[in-house]
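K.L.:
Sequence:
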Amino acid sequence: QVQLVESGGGLVQAGGSLRLSCAASGFISSVNVMGWYRQGPGKQRELVATITRSGRTNYADSVKGRFTISNDFAKNTLYLQMNSLKPEDTDVYYCYAQKYGNDYWGQGTQVTVSS
12 QVQLVESGGG
22 LVQAGGSLRL
32 SCAASGFISS
42 VNVMGWYRQG
52 PGKQRELVAT
62 ITRSGRTNYA
72 DSVKGRFTIS
82 NDFAKNTLYL
92 QMNSLKPEDT
102 DVYYCYAQKY
112 GNDYWGQGTQ
122 VTVSS
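Just so we're aligned: 33 in the working numbering is position 22 of the sequence shown, and the numbers increase by one with no gaps anywhere.
Some clues are possibly wrong.
[Said to hold, decoys possible] Mimicking DSS-like on lysine-lysine, the simulated pairs with C-alpha atoms at most 30 Å apart in a straight line are: (1) K75 to K86; (2) K54 to K97; (3) K54 to K75; (4) K110 to K54; (5) K110 to K86; (6) K110 to K75; (7) K75 to K97.
[Said to hold, decoys possible] Quick list of simulated restraints, FRET-style, between CB atoms: (8) S36 to T63: 29 to 37 Å; (9) G37 to Q121: 34 to 42 Å; (10) N113 to G51: 32 to 40 Å.
In case anyone wonders, no lab produced these hints; they're calculated from the structure.
Cβ atoms here follow ideal geometry from the backbone N, Cα and C, with glycine treated the same way.
Whenever a hint applies, use it, and build me the whole structure from the sequences.
P.N.:
Listed below in structure tokens is the structure:
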């Protein structure tokens, strides 16, 4: 089992920044991919960014150049630095981990960007 707990969401004005954190626990040495997804009311959950154990990253086109995903293995923590935030970035953001083909999700953290 892998447990994921997000933090760092909140309310920010357009153009501002937020950093999300995801604390991971529980046999995470075998996790091979971690990432962030987001979902708004009535919308499907969509990929924001992922990072592999080797450090390879992947971003949604909508956040490229604005968001940065990183992973501190010593602290077992995943981060998402979000800059130049836009109102359309408003969503619940979920931390994700994949281990042995199984998907694990955090409870989500709300990000609201005001115009």
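K.L.:
Next step is simple, just say for each hint if it's right about the structure.
P.N.:
Hint check:
no.: 1; hint: K75 to K86; verdict: 26 Å, holds
no.: 2; hint: K54 to K97; verdict: 18 Å, holds
no.: 3; hint: K54 to K75; verdict: 21 Å, holds
no.: 4; hint: K110 to K54; verdict: 26 Å, holds
no.: 5; hint: K110 to K86; verdict: 18 Å, holds
no.: 6; hint: K110 to K75; verdict: 26 Å, holds
no.: 7; hint: K75 to K97; verdict: 13 Å, holds
no.: 8; hint: S36 to T63: 29 to 37 Å; verdict: 20 Å, violated
no.: 9; hint: G37 to Q121: 34 to 42 Å; verdict: 24 Å, violated
no.: 10; hint: N113 to G51: 32 to 40 Å; verdict: 26 Å, violated
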